[in-house]
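From first to last, the protein sequence lines are chains E and X.
Here the first sequence is numbered in this note's numbering, starting from 1 and rising by one per residue.
Here the second sequence is numbered in this note's numbering, starting from 1 and rising by one per residue.
It should be emphasised that the hints constitute simulated quantities derived from the structure, not laboratory data.
Hints are not guaranteed to be accurate.
[What the hints assert, rightly or not] Between beta-carbon pairs, the in silico distance windows are:
1. G164/E / N13/X: 50 to 56 Å
2. H173/E / A2/X: 48 to 54 Å
3. E5/X / G164/E: 52 to 58 Å
4. E54/X / L289/E: 52 to 58 Å
5. E115/E / E5/X: 43 to 49 Å
6. G238/E / K6/X: 54 to 60 Å
[Said to hold, decoys possible] Distance condition first, Cα-Cα at most 27 Å in a straight line; then the derived DSS-like pairs of lysine-lysine:
7. K105/E / K168/E
8. K391/E / K89/X
9. K78/X / K379/E
10. K6/X / K124/X
11. K221/E / K211/E
12. K89/X / K57/X
13. K115/X / K25/X
14. K379/E / K124/X
15. K6/X / K115/X
16. K89/X / K78/X
17. K221/E / K95/E
18. K124/X / K80/X
19. K25/X / K78/X
20. K379/E / K6/X
21. K391/E / K25/X
[Said to hold, decoys possible] One-sided and incomplete, this derived list gives chain E residues near chain X with beta-carbon spacing under 10 Å:
22. W45
23. S312
24. A316
25. A349
26. S351
Glycine included, C-beta positions come from ideal geometry on N, C-alpha and C.
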Amino acid sequence: MSLPIYLDYASTTPVDPVVAEKMMEFMTPAGHFGNPASRSHMFGWHAEAAVEDARQDVATLIGADSREIVWTSGATEANNLAIKGCAHFNQRKGKHIITSRIEHKAVLDTCRQLEREGFEVTYLDPDSSGLIQPEMVAEAIRADTTIVSIMHVNNELGTLNDIGAIGKLCREHKIIFHVDAAQSAGKTPINVEEMFVDMMSFSAHKIYGPKGIGALFVRRKPRVRIEAQMHGGGHERGMRSGTLPTHQIVGMGQAFKIGFETLEAETARITALRARLWDGVVDMEEVHLNGSANQHVPGIVNISFAFVEGESLMMALRNLAVSSGSACTSASLEPSYVLRALGLNDEMAHSSIRFSIGRYTTEEDIDAAIAQVRVAVEKLRLLSPLWDMFKAGIDLNTVQWSAH
Amino acid sequence: MAYSEKVIDHYENPRNVGQLDESSKNVGTGMVGAPACGDVMRLQIRVNDEGVIEDAKFKTYGCGSAIASSSLLTEWVKGKHLDDAEQIKNTQIAEELALPPVKIHCSVLAEDAIKSAVRDVREKQGS
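For reference, chain E alone in the conformation it holds in the complex (with noise of 0.2 Å):
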């Protein structure tokens, strides 16, 4: 075991050793570092080769074919290019747009961009355990709906979503249904046949491959058109140009592979690890599990710790990497709005933190992390005025607070 602990890995994951060795086969003079799109000589040739059978890799994992596959700088840009080049390909038959209100900000604040292009946006409130039901979409498909943007796992509870439900009712109104992958792939079996998605968005960093490549899975059949948001040299069959980065791209196609291969026996064991963590704090006063209980990835695990704050919790966890559904590092003091969206009030939503679990965690891991966070929970309950409050029976919802 060594310090400190990773256990941020929703925020990203190291590169898979195999995956950075392939890589660099695709960047000196001794290896394949043609542009896959020279057609003239065997440089290009072999870097091409090498895009294609990533994109293989891509597509097996997801059930697709490998040309429904584009080449993106990330699940941010892919969902930049599905949303808005489907809002503004599809704006003649209508311009309504469904999505939830715990999306990444990379899908909200697209759709606030199209708000101001003059889109309508529905923001679906989820239940209080972090999910979207199919009803929800149900209830808000209007006439003139053209997309529906709904996230498989969401990135700070770890919610798993009923993809395929809410996939066939947009299939039965016509509806293009997108959703933002970046958090499920090789965490949860995806297969956008059997779900029926018709663009879907990933990213190589949350599954051990390189930062600063994604994918977006456009549907062929029923084929669905979007509008280019990045122009020039026509790459990705007019969808997106731009030179293809074919190191970061086999990087991608190798780590999707693993994931592929791995699946089963990954959840598996990152389950008992989840598992371990939760066991080794919920004997613990006032410890509350944020999201579903059942319907989640294994990965995730987001926790709050009543009558304490989540930063100088973070503080206290110094060998720890983790996250916080408290935002007192931003400006705002606004906690998390995933959090908030589930209807967890502030105190809660400040007192969270989120552990993600994966490849490189081990059993040592998960009981140092248990052991350092008993520790300071209760150091800082000991510091805490909410908890002497608690154990003195007030209720804080009856106290009058002096906002500030």
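Use these hints to put chain X onto chain E, whose structure you have.
Just chain X now, with coordinates in the frame of chain E:
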């Protein structure tokens, strides 16, 4: 975010953590902030007949800077007369702890806390 050494010191070894008898006539309590904002400070002072602060205790729910600000404040007010204690400015606290701009509100809260505690004890003593 990187904290200054002084913040870390106060956070790891907070001074004067605790509670004084709130019902005592000589004790003033200042409770400021709100859980919704992510910080609540409770500062208590005990004064002698001359109006000099003999003891100070605090408890704080909040980030490291909030804990450090209140811990530092308890050190500063001990031995001070109420008139002097209420003159403490948030800028002095922010400067001593080298708080970054996003954490200035923690020092503001500490200033509010001592003002509130002084007011409380004065009201109790009817002066």
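Each hint tested on the structure:
1. Checked against the hint of 50 to 56 Å, the C-beta distance between G164/E and N13/X comes to roughly 54 Å, which is consistent with it.
2. Between H173/E and A2/X the CB atoms are about 51 Å apart, so this pair conforms to the stated range of 48 to 54 Å.
3. With their beta carbons about 54 Å apart, E5/X and G164/E fall inside the hinted range of 52 to 58 Å.
4. E54/X and L289/E have their C-beta atoms about 46 Å apart, which leaves the hinted 52 to 58 Å range violated.
5. Take E115/E and E5/X: their Cβ atoms lie about 46 Å apart, and the range 43 to 49 Å holds.
6. Judged by the Cβ atoms, the range 54 to 60 Å given for G238/E and K6/X holds: they are separated by roughly 58 Å.
7. Of the pairs offered as hints, the one joining K105/E and K168/E holds, with about 25 Å between alpha carbons and a cut-off of 27 Å not exceeded.
8. The straight-line distance between the Cα atoms of K391/E and K89/X is roughly 33 Å, outside the 27 Å bound, and the hint therefore fails.
9. Distance hint between K78/X and K379/E is fulfilled; the C-alpha atoms sit about 24 Å from each other, no more than 27 Å.
10. Note on K6/X and K124/X: the hinted pairing is violated, with a Cα-Cα distance of about 35 Å set against a maximum of 27 Å.
11. Distance check on the hinted pair: K221/E and K211/E sit about 30 Å apart at the alpha-carbon level, beyond 27 Å; violated.
12. Using a Cα cut-off of 27 Å, the hinted pair K89/X and K57/X holds, with the two alpha carbons roughly 19 Å apart.
13. As the CA atoms of K115/X and K25/X are separated by approximately 17 Å, the hinted pair is consistent with the 27 Å bound.
14. Restraint check for K379/E and K124/X: the C-alpha separation of about 33 Å exceeds 27 Å, so the hint is violated.
15. Proposed proximity of K6/X and K115/X is supported: the alpha carbons are some 23 Å apart, at most 27 Å.
16. Proximity of K89/X to K78/X is assessed by CA-CA distance (about 16 Å); at most 27 Å being required, the pair is judged to hold.
17. Proximity of K221/E to K95/E is assessed by CA-CA distance (about 23 Å); at most 27 Å being required, the pair is judged to hold.
18. About 19 Å separates the Cα atoms of K124/X and K80/X, which keeps this hinted pair within 27 Å; it holds.
19. For the given pair, K25/X sits about 18 Å from K78/X by alpha-carbon distance, which is consistent with the 27 Å threshold.
20. A distance of roughly 19 Å separates the Cα atoms of K379/E and K6/X; the hinted pair therefore holds under the 27 Å criterion.
21. Proposed proximity of K391/E and K25/X is supported: the alpha carbons are some 24 Å apart, at most 27 Å.
22. Interface hint at W45/E: violated, since its Cβ lies 49 Å from the closest Cβ of chain X, which is beyond the 10 Å cut-off.
23. Taken as an interface hint, S312/E checks out: its beta carbon lies about 5 Å from the nearest beta carbon of chain X, inside 10 Å.
24. Hint on A316/E holds. Least Cβ distance to chain X is approximately 8 Å, under the 10 Å limit.
25. For A349/E, the interface hint holds, the least distance from its beta-carbon to any beta-carbon of chain X being 9 Å, beneath 10 Å.
26. Given the 10 Å rule on beta carbons, the hint for S351/E holds: about 9 Å separates it from the nearest Cβ of chain X.
Hint violations for this structure: numbers 4, 8, 10, 11, 14, 22, all remaining hints satisfied.
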